[in-house]
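Sequence lines, in order, name chains A and B. Numbered according to this note's numbering, the first sequence spans residues 3 to 113. Numbered according to this note's numbering, the second sequence spans residues 546 to 657.
Keep in mind the hints are simulated off the structure, nothing from the lab. Glycine included, each C-beta is placed from N, C-alpha and C at the ideal position. It is possible that part of the hints are untrue.
What the hints assert, rightly or not - To give an idea of the chain A side of the interface with chain B (calculated C-beta under 8 Å), a few residues:
no.: 1; residue: GLN44
no.: 2; residue: TYR48
no.: 3; residue: PHE103
What the hints assert, rightly or not - A few chain B positions that, by computed beta-carbon distances, are all more than 12 Å from chain A:
no.: 4; residue: ARG559
no.: 5; residue: GLU563
no.: 6; residue: LYS572
no.: 7; residue: PRO615
Each chain, letter by letter, is given below.
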Amino acid sequence: DAKTTQPNSMESNEEEPVHLPCNHSTISGTDYIHWYRQLPSQGPEYVIHGLTSNVNNRMASLAIAEDRKSSTLILHRATLRDAAVYYCILRPEGSQGNLIFGKGTKLSVKP
Amino acid sequence: NAGVMQNPRHLVRRRGQEARLRCSPMKGHSHVYWYRQLPEEGLKFMVYLQKENIIDESGMPKERFSAEFPKEGPSILRIQQVVRGDSAAYFCASSPRNTEAFFGQGTRLTVV
């Protein structure tokens, strides 16, 4: 499975935008980019996913580089409830297999 | 549509006892995944099941651990003769196909 690289931790101020980067230089053409997050003492939660085009939903936006070797999860206005570990995961199209979680980025949000 | 339900939320077992963890997937979901998260560590895949079939158990320890997803009823992760090192949070996820996975709140197993 292709691997992803994320910073171990990031800090943000409340109500400011947050850009969480992910590098995936060995991504293949059929790999989807998924983002999950895990709040303290909770199960992981799906955030967003995309293939080539940028994606928006109620939680976040996903910006995908033109060469697809990197992507950025954007939280437009961080709240204290967004403090979590964010995981960037590649999943082949049509795959029914498991999600492979790396170490993710631990996001701290300061009031 | 209720989310993925796991029970119990907390389970305490003495060394040598058996632990049974249950997972009811979301309605209509036929794929179930089990993950383990040791304290201060990441999520590690254990097993992937579809109804009545184990598809991938490459992450499951060879001994003492088993999983099933019967035609009727929840998926069960069973740990026999638990040891202290089994203490962890166990998460179940379900998905309808190869789209996003939905996770339960986990079962926190403590072995004393």
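So which hints don't hold here, by number, going up? The structure conflicts with no hint, since it agrees with every one listed earlier.
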